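Participant: Residue strings, one per chain:
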Amino acid sequence: MSETEKRISIKSSADIITARGVGREMAKQLGFNIVDQTKITTAISELTRNIVTYTGKGKVIIKKIHSDVDKKDGMAIICTDKGPGIESIELVLKAGYSTSNSLGLGLSGAKMLMDDFDIKSKPGEGTRVTIKKWLR
Amino acid sequence: MDIPILKIENFLVVTIQAEMSDDEILKLQKDILSRIKEVSASGLIIDITALDVVDSFMGRTLSNIANTADLLGAKTVVVGIRPAVALTLVELGIRIKWNLNTALNLEKGIDILKRRIEM
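Those protein sequence lines, which keep their order, are chains A and B. Residue numbers for the first sequence follow my numbering, beginning at 1 and rising by one. Residue numbers for the second sequence follow my numbering, beginning at 1 and rising by one.
You can trust all of the hints, since none of them are fake.
With a cut-off of at most 25 Å between alpha-carbon atoms, the simulated PhoX-like pairs for lysine-lysine come out as follows: (1) 27/B with 57/A; (2) 108/B with 7/B; (3) 59/A with 132/A; (4) 122/A with 132/A; (5) 111/A with 6/A; (6) 27/B with 11/A.
Hints listed in this document are in silico derivations from the structure and should not be mistaken for laboratory results. As the structure is a computational prediction, the values presented were derived from the model and not from experiment.
Generate coordinates for the entire structure from the input sequences, incorporating the hints supplied.
Facilitator: So this is what it looks like as structure tokens:
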């Protein structure tokens, strides 16, 4: 596996810290400024916590990406789980919505902190969230 | 990891020195609250200079500590929020009231507590 792609399995809250560290290190190496490093790391924290809270286990892939169209580099974080899935994506993306009293900032927070956000979920099958940040 | 809770005059000072897991944060919350009761502290300062990430869970827990400490008679000030963390928190919690008093550093935090308690 290349140095520009890392996989971390997420099973407990200690794995959240590991994922944050890996994300921060890659963001730094790619040349993101300190504010973007912090935003990326915080978004990873929100998404991986969602995995631990709602599904118990899943995985996160953190990798370097490149856009041929815009000729720019960036970073993608892909979180997947085989949990219960999300019934109404629109609802959970509303800031403040939460089913487990976590302030409901998990998904909406990650969306606000990043440039691109994509979520695919099927009730009963699981959820995949992809977030991206581009170098300016 | 046990985080020391120091007493200065009638205030407690807690310095978070490293990233903490959720369980460690919740244990710290419990320790702080029992210590406030034990020494009848009138103020609490939580120094988070060492934290380079404050996510919604950490933010909520800090807010919970402050609210509970208030019920026990102690005012809370969170000090040492890094500029990048502050920017992230504003974007993250744009619609959320964090309900926390903050100060730039320990000295200013103590000033705030002294003023609040005299009032």
